[in-house]
Structure formats: C-alpha cells, structure tokens
Amino acid sequence: MVTICNFKNDILASQQKQLAALVERFTDRDGFQTTAIPSLDFIRASNPSEPLHTLYTPSLCVIVQGAKMVILGKESYKYDANSYLVASVHLPIIGHIMEATPESPYLGIRLGFGSDQILDIIKASQQELRSKPGLGRGLTVTRANTTLLDALLRLARLLETPNEIPILAPLIIKEILYRVLQDEPGYIIKPFAVIGSHAQSIAKVITLINNDFAKPLRIDVLAKEINLSPSSLHHHFKKVTAMSPLQYQKQIRLQEARRLLLAETLSAADAGYRVGYESPSQFSREYARMFGLPPLLDIKRLKDSIYIHF
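If you count by numbering that gives the first Met the number 0, then the sequence shown holds residues 0 to 309, one letter each, in order.
Computed list of lysine-lysine pairs in DSS-like fashion (alpha-carbon distance at most 25 Å, straight line):
| hint | residue 1 | residue 2 |
| --- | --- | --- |
| 1 | 214 | 237 |
| 2 | 203 | 173 |
| 3 | 238 | 77 |
| 4 | 73 | 238 |
| 5 | 237 | 77 |
| 6 | 173 | 7 |
| 7 | 77 | 16 |
| 8 | 77 | 7 |
| 9 | 203 | 223 |
| 10 | 237 | 203 |
| 11 | 16 | 173 |
Derived by calculation from the structure, the hints in this document are not laboratory data.
Work out the full structure: start from the sequences and follow the hints.
The structure is reproduced here in structure tokens:
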C-alpha cells in the first residue's frame, strides 16, 4: 500500500512539474493571462501578494507551483499544488498569494465553465440526475489527483498544436469537468445546474444581483422570483455564499467601484453613484472599511503596486 501511494505521489509531482513548465512557457510576465484555448487562463506571480478583493466566476482553479489563501465571508481556504479549488457560482472573495519567488513563481491554471456544461454531463447519467445532493458552499477545496491533472496536462499541451484546439479542447474540457464531478466537488456543483433545486434558485438570485447591483435590494421581490419566502432565501443564500444578500451586494458594488476608479478618471463620488450609492460619505466610509483606505488613497496605492488576482 505504501509503495502504491509513493508511486501515485511521484506521478502527481511529475504532472505538476510538467504543467508548471507549460504555464511558464506560455506566460511572459506576472499577472493574469488568457490562452488560445477559450475559458483557459494562466496566472504567474513572482512575489507574494497582499490580500486582494476579486470576484470568482464558476471555475476550476489549480495551482501547479506555490500556494494561496482564499477568504469567503469569514471562512479561509488554503490550497497549493496538492489541492484544487472549485467555485460553483459568482463569489466575491479575498485572495492572497502566499508562496512565490522570482526563482519559483506562483503558477496557476483557471478553467471557467457554465451550468449548461455541467448539466450536459449530468444528463449523460440518469442515476446522477435522479440523485438529490444537498445544498452547500459555492466554493470548495479538494485534494488533487493524477487523473484530473493528466487531463489538464493534455489540455495545456494543445497550446503547442493550436490547429488541434477547436476539435480536441472541447472534448478534454468535458473530460476534466466529468472528473471534477466524480470527485468530492461534484456533490456541490451538481445542484447548481439542476433546474428546480434550491442551489439553482440561489444561483439565479446571484445572477440577478450581479446584473442589477446598483439598484436597491428588494429581498421580497427576489424571493418571489424563485418561489421562496424571504427567510428561506436569506438562509439558503448564506449557506451558499457565507454572507447575506445585502452583504453580497455591498461587496459587488464596492469591487465594481474600485474597478471603475482604476480604469476610468472618476471622482470617488461619481464612482459611488455609478454603483448605487447616493451618499458620497457613506460610500467612502464603506469603501475604506472594506479596502482599508479611502477611495483615492487606495487607488493610488494600487497603481503603485502590481495588482494580480486569480
């Protein structure tokens, strides 16, 4: 048994090394970089980062070198090359790259996916479709395995043969998602794709909030939209996101305001108004509470540093 475990660990280490080499080859700088494969992105960081606010979209995140801490609400998730993270819905998080040096940079892979892709895989197995997995967090960290990394390695290698990407990439991505669904995260991901489940209803509310985050939040209207009572909506929403709908909207608003201030020449008052704040003082106060500094000082600090998110 010990020999078998050592053999698997050796294979895992070899796969991680090969993936790290591919990520380094196709990233020419620190930061978040898209690839020629739709929905596949790489990230590189030569130094640890400060805690950074960002929005996770439904995705599989794999670290092949280094380590990272992710904070959702009041919960912390640490993962490294021996584990992987799955986000099932849009989630505002704080990410902190913990292990990275110029000689051994942090290297990560992100594969985005949609509920339609998950549902297609679920429908391929009537037994899985009939199952009723419970409602859980929209984010989970699980131990990496050689089967998943093998599929990821084959996908990343397609970057060396771009003419094969249109044909083979969709097939390998489907295999990767199938492997994830067969692993522990599958129990959490599946309900978000099944129409009529509580998880799918919460995913709909999350989409509605993201689409209209600048408007006042009406819990009664959202609850009616998914045929739940306001108290049930609040309970299920917090179970998925680790925060209330109002807290979620506030984080989305402030993250968007920060993005606007970084990308456009806006005053703090204008940015606050754009994301739904009528009171500039309230906006500045809540912004400073979340990011640690008032808007303009925070933006100056960010522009003077490397802003990396993954």
